[in-house]
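J.: As a plain string of letters, each chain reads:
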Amino acid sequence: MDWNFLFVNSLNGIIYGSFLALTSLGLSLVFGLGRVVNFAHGVLYALGGYFFIIFLPSLGWSAMLFAPLVVVPLAIAMEWLTIAPIRNRDEIYTLLVTFGLSFMITGAIEYLWGTETTLIKPPVIFQGTVDILGNQFPVYRLFASTLSLLVTGLVFVFIQFTPVGLKIRAITDDNEMAEALGINTRWLLTSIFGGAAGFAAFAGALGAPIFSVEPEMGMGIIIDSFLAVILGGLGHLPGTAVGAFIVALAKSIGGGYIAEWAIAVLFLVVAAIMVLRPKGVFGRGRIA
Amino acid sequence: MAASPDVENRVEDITRVRSREIATRVLLAGFALLILAVPFLGASPFFITLLTEALIFGIWAMSLDLLVGYTGLVSFGHAASFGFATYAAGIFAMNVSADFFLSTMVAILTAAAVAFFTGLVVTRLSGIAFAILTLCICQVLFQISVVWRSFTGGLDGLIGVPLPTLFGREVEPGEEFYLLTAATLIICYLLLRRVVESPFGKTLLAIRANEDRAAAIGIDVRRHKLVILILSWMTGGVAGTLFVFLKAGANPMSLYWIESGNILAITILGGIGTLFGPIIGAIGFIFIRDQVTTMYRAWQFSFGLAFVLAVLFMPSGIAGIAERIWRRLWPARS
Amino acid sequence: MATRFTTTRKQWFIVSRLAVVCIATVFTLIAAFSSPAFAAKKDPIKIGVLSFLSGKLKPIGDEITTGIQTAVKMHGPVMGRSIELILEDSLVNAQVAVTKATKLVQKNQVTAILGTSTLEALALLPVANRLRVPIITSNSGSAVITGEKCNYWVFQTNPTPQMAIVAMDSLIKDNPKFKTAKWFTMGHDYPWSRRVARSVKIVKGVNYVGEAYAPLDTTDWAPFIAKVRASGATAVVIPVTLGTPLVQFIQQANEFGLTKQATLVAPIGLPDWLIAKLGELSTHIVSAGAWSAWRLEDTIPTTKKFNELYYKMHGRVAGMQAIQAGTAAQLLFNAIEKAGSTDGKAIVAALEKLDVEAPAGRMRFQKDGRMAEVALILGRIEKLKKPKYGAMYAQSVNALPASKTLEPAKKLGCNLKK
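Chains as they are written, first to last, in the numbering used here: chain A, 1 to 288; chain B, 1 to 334; chain C, 1 to 418.
The hints are simulated quantities; they were obtained by calculation from the structure and are not laboratory data.
Watch out, some of these pointers could steer you wrong.
Said to hold, decoys possible - In silico DSSO-like cross-links for lysine-lysine, where the CA-CA straight-line distance does not exceed 30 angstroms:
| # | chain 1 | residue 1 | chain 2 | residue 2 |
| --- | --- | --- | --- | --- |
| 1 | C | Lys353 | A | Lys121 |
| 2 | C | Lys46 | C | Lys388 |
| 3 | C | Lys386 | A | Lys121 |
| 4 | C | Lys367 | A | Lys121 |
| 5 | C | Lys353 | C | Lys73 |
| 6 | C | Lys410 | C | Lys304 |
| 7 | C | Lys260 | A | Lys121 |
| 8 | A | Lys121 | C | Lys385 |
| 9 | C | Lys388 | C | Lys73 |
| 10 | C | Lys345 | C | Lys388 |
| 11 | C | Lys46 | C | Lys201 |
| 12 | C | Lys388 | C | Lys260 |
| 13 | C | Lys345 | C | Lys177 |
| 14 | C | Lys204 | C | Lys305 |
| 15 | C | Lys367 | C | Lys204 |
Claimed, not checked - Simulated coverage check for chain C against chain A, where a stretch passes if three residues somewhere in it have a Cβ under 8 angstroms from a Cβ of chain A:
| # | region |
| --- | --- |
| 16 | 170 to 182 |
| 17 | 226 to 240 |
Claimed, not checked - One-sided and incomplete, this derived list gives chain C residues near chain A with beta-carbon spacing under 8 angstroms:
| # | residue |
| --- | --- |
| 18 | Pro191 |
| 19 | Tyr213 |
| 20 | Thr219 |
| 21 | Ala222 |
| 22 | Thr244 |
| 23 | Val247 |
| 24 | Gln248 |
| 25 | Gln251 |
| 26 | Phe256 |
| 27 | Gly257 |
| 28 | Lys277 |
| 29 | Glu280 |
| 30 | Glu352 |
| 31 | Asp355 |
| 32 | Glu357 |
| 33 | Ala399 |
Ideal Cβ placement from N, Cα and C applies to all residues, glycine included.
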């Protein structure tokens, strides 16, 4: 057995997994809180990438922080216009509306900024590769995954140890009871939706130098993120992070050994977990 | 002694509702006749081509309506039923026989078999979980159709499915094929109508209304879900068979999840829980897509917008609105 | 009581009106879609162009349509009649492509269909006998189109990957660095990628160390790059979809430093708009195809004429897809003139006998087959000493005639049934 090959693939999986954790974070939060299955999460990610390359020439790398700032109000407007009005309908409707939205926004991106792919070079200090046990790894990937993990960790801490986080957890556990206790759920749902969009947009900007920027960039990431969220149990944040790593490792290790069958196997595993452990691998998420 | 005014009113209501039903039937029969008559009304070849495709999508959308509209199961993987059948029928027609009935039987039976096995799993769930699980299974089938090259031709797909034969005679593309499709649609509609109006169909509505309560009054929810899933896939299989003959080829992309989203949008835009609505939705979708994509380059945007507006403002779809107008014309109480 | 259907006269009035409206709508629709496009003699000749006009492959569609537009302008009227192009979008969907082609034929009554890349050409093959118009594809990467599934109506002008592979044989033999290289195939999971791999494998004396195929929607190539790495490959054949995926792959390969360790060989080449996008990165790539065909202008006057007109009309260098599409268009115009009619079979017969100089060089179709005898261009992408038509980088030109790369139709598996 080639241990080095396994090591390289595992590290690749961990790098992609930490990135995926960041993109699935918002998806999981929004579901846990508002029972909203946000199919448009992917296009918010894409919007992040686009605003990043728009701001990059004038703002430099701080554009990575400004891009989410533009996407957040857009997302809040989106939530207010399309998701809030159907809150009291069956939750499946949120999936349908956001599916339509994702088409709309992808179309709008193509119309506004064209269909071409934009390549971004990482900042100079992160260019090149670094040697790990005789293997070359791009510095920027390591940087991006560390930053993703850091942000994800901060969100955990925020939710676990702050008063607002407590409210969020209360709503996730029992929406009606939380409301009865005087928590303004409406306001919190909207702001969490905005925040989740911000993380998605940040991920889009962070990933731009790796995955490049193109109109359909959100479509690929949304499916992987969904899988991660399901594996972890919908609405259960630590589970989501672990789910992200499972998906990424399955793709990279599986991709290394069984190549084109890896994805079929991954989907089968997710399907099996949904049926056998509907609350996620840890049994801590909501019943889907 | 004269009946009380209340009773009289009710009798009147019943007769009015009955007359509305008869009128509805007359209207539907008229619609069926109109569909069958289209080739004889001087329609252009391309109108017939588009309508053929629309009616095939109509059958497919109707099959999804069984799940979404009548049982409350929103499937996000319904491309599987259709795409799978295109391969089953296509491979059979290319290698064994292009007989329409035989190919359809093969497609229906294999679809039923796959539906049975997926059904054993997916019927445990409902709501969002059902949607996502069906999506996953559809993606598995998509991957298989890509990877199992020796059987499916991989991403190139099947190339060169012959025209179907009917009683040993080849069905010509164009008007003949159209009539075959229209007849199939009408037969499917009538059969499915019987299903949804049967006690079985009424039980499904009970499941849709509240699954737990249905289980509590002794309905075997999972078995009902399984049966309707198989029936839905079989109907989708009929559509897939017609489609593979129409296009003379099959492609893995008809199993891709976006295709599942499209057919779901068609069904909802048309009006779920009506069987008839999805047909209207399919006709609208195919004709509008044809016009829009020729005139503008903004199909994705317009499609997304239409879908969002429909879900927000007319959740009962085109058929829902039509029905409201219809009811106003034939009110139960004057 | 049962007979007491209380239907008021008013209701029946409304219903009958509704019925009239419905039937009228159907008739209007039928009429709208039936407008008989009766082509009088002096009317323009209608040519359909089917391509990707929206979505992520739109850059390819742009190249193709601009190339055909340039050819129309360059050629001028055909038999005294002007050319009217009718553009249709395939939405990157095989099934829609069939519907759109049918629309072009049935509604617009086009004389022929141009444009079409692999996806559309494969979808049109089985229905070509129903469409009954010549289809000249200029951007197809599947060998079956002119091989085992070849069709009386479907012609192809751009080199197939099969030809590129034969060309690579000579590339490997002539280049000592490649002769000793360790070869790996890293492609998308297409049947043609596998055919490319198989043909590399059978080159005599080649040291073949492995292959991997990625799913179509791959965005993170790291696992596959790791696989290439592990094999120790020094020459990597990359049958990856042109456009976004290829850009992403090359960027990530560069990010991992793979381009330092190995030469990338693009079996069907690298379009000029991709080269422009990749910039410096593209110099790590050796390409086999007819890409950067614009550089044939040093020897072929028609190419020069086409390039200049293209640059004047569209403000950029004519990429291979544009030149190929323009070539297909010019062949069609010449065939119509030669046939003296717009009848499909007459045009096919004329195409079979055609031998003319087109933007992609001297062109004729192979005997008993449907593949054009088009020259291949091999070579590394290099930085130009003097940018031309706005291009900074281009493939170095080393033309290989079709006589060396194109096998006879019979051997390709093509058996035309009339």
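J.: Each of the hints needs a verdict: does it hold here or not?
T.: Evaluated hints:
1. Pair hint lysine 353 of chain C plus lysine 121 of chain A does not hold up; C-alpha atoms about 51 angstroms apart against a cutoff of 30 angstroms.
2. At roughly 34 angstroms between alpha-carbon atoms, lysine 46 of chain C and lysine 388 of chain C are farther apart than 30 angstroms, so this suggested pair is violated.
3. Restraint check: the Cα-Cα separation between lysine 386 of chain C and lysine 121 of chain A comes to about 25 angstroms, which is no more than 30 angstroms; the hinted pair holds.
4. Restraint check: the Cα-Cα separation between lysine 367 of chain C and lysine 121 of chain A comes to about 49 angstroms, which exceeds 30 angstroms; the hinted pair is violated.
5. Restraint check: the Cα-Cα separation between lysine 353 of chain C and lysine 73 of chain C comes to about 24 angstroms, which is no more than 30 angstroms; the hinted pair holds.
6. Restraint check for lysine 410 of chain C and lysine 304 of chain C: the C-alpha separation of about 35 angstroms exceeds 30 angstroms, so the hint is violated.
7. With a C-alpha separation of about 17 angstroms, the suggested pairing of lysine 260 of chain C with lysine 121 of chain A holds against the 30 angstroms cut-off.
8. A C-alpha spacing of about 25 angstroms is found between lysine 121 of chain A and lysine 385 of chain C, which places the hinted pair at or below 30 angstroms, so the restraint holds.
9. With a C-alpha separation of about 22 angstroms, the suggested pair lysine 388 of chain C and lysine 73 of chain C falls inside the 30 angstroms cut-off, and the hint holds.
10. At most 30 angstroms may separate the alpha-carbon atoms for a hinted pair to count; lysine 345 of chain C and lysine 388 of chain C exceed this at roughly 41 angstroms.
11. Taking the CA atoms of lysine 46 of chain C and lysine 201 of chain C, the gap is near 45 angstroms; set against the 30 angstroms cutoff, the hint is violated.
12. Pair hint lysine 388 of chain C plus lysine 260 of chain C holds up; C-alpha atoms about 28 angstroms apart against a cutoff of 30 angstroms.
13. For the suggested pair lysine 345 of chain C and lysine 177 of chain C, the alpha carbons sit about 49 angstroms apart, so the restraint of at most 30 angstroms is broken.
14. Proposed proximity of lysine 204 of chain C and lysine 305 of chain C is contradicted: the alpha carbons are some 41 angstroms apart, above 30 angstroms.
15. Distance hint between lysine 367 of chain C and lysine 204 of chain C is fulfilled; the C-alpha atoms sit about 29 angstroms from each other, no more than 30 angstroms.
16. Under the rule that three or more residues need a Cβ within less than 8 angstroms of chain A, the assignment of the region 170 to 182 of chain C is violated, with 0 such residues.
17. With a threshold of 8 angstroms between beta carbons, the proposed coverage of the region 226 to 240 of chain C by chain A holds, since 4 of its residues qualify and at least three are required.
18. Of the supplied interface hints, the one on proline 191 of chain C is violated, with its beta-carbon coming no nearer than about 12 angstroms to a beta-carbon of chain A, more than 8 angstroms.
19. For tyrosine 213 of chain C, the shortest C-beta to C-beta distance to chain A is roughly 5 angstroms, which falls under 8 angstroms, so the interface hint holds.
20. Annotation: threonine 219 of chain C was flagged as interfacial toward chain A, and the flag holds, the nearest CB pair being 4 angstroms apart, inside 8 angstroms.
21. With its C-beta approaching chain A no nearer than about 4 angstroms, alanine 222 of chain C sits inside the 8 angstroms limit, and its interface hint holds.
22. Below 8 angstroms, beta-carbon pairs count as interface contacts, and threonine 244 of chain C has one with chain A at about 5 angstroms; its hint therefore holds.
23. Interface restraint check for valine 247 of chain C: the shortest CB-CB distance to chain A comes to about 5 angstroms, inside 8 angstroms, so the restraint holds.
24. Because the beta carbon of glutamine 248 of chain C sits about 5 angstroms from the nearest beta carbon in chain A, less than 8 angstroms, this interface hint is met.
25. Annotation: interface hint on glutamine 251 of chain C holds; nearest CB of chain A at approximately 6 angstroms, less than 8 angstroms.
26. The criterion of a C-beta within 8 angstroms of any C-beta in chain A is met by phenylalanine 256 of chain C, whose closest approach is roughly 6 angstroms, and the hint holds.
27. Restraint check, glycine 257 of chain C versus chain A: the minimum CB separation of about 5 angstroms is within 8 angstroms; hint holds.
28. Nearest Cβ of chain A to the Cβ of lysine 277 of chain C: about 6 angstroms, under the 8 angstroms cut. The hint holds.
29. Among the interface hints, the one on glutamate 280 of chain C is violated; its C-beta lies about 10 angstroms from the nearest C-beta in chain A, farther than the 8 angstroms criterion.
30. Because the beta carbon of glutamate 352 of chain C sits about 37 angstroms from the nearest beta carbon in chain A, more than 8 angstroms, this interface hint is broken.
31. A cut of 8 angstroms between beta carbons decides the hint on aspartate 355 of chain C: the least distance to chain A is about 38 angstroms, and the hint is violated.
32. Interface restraint check: glutamate 357 of chain C against chain A, minimum CB-CB distance 33 angstroms, threshold 8 angstroms, status violated.
33. A least Cβ separation of about 30 angstroms between alanine 399 of chain C and chain A goes past the 8 angstroms threshold, and the interface hint is therefore violated.
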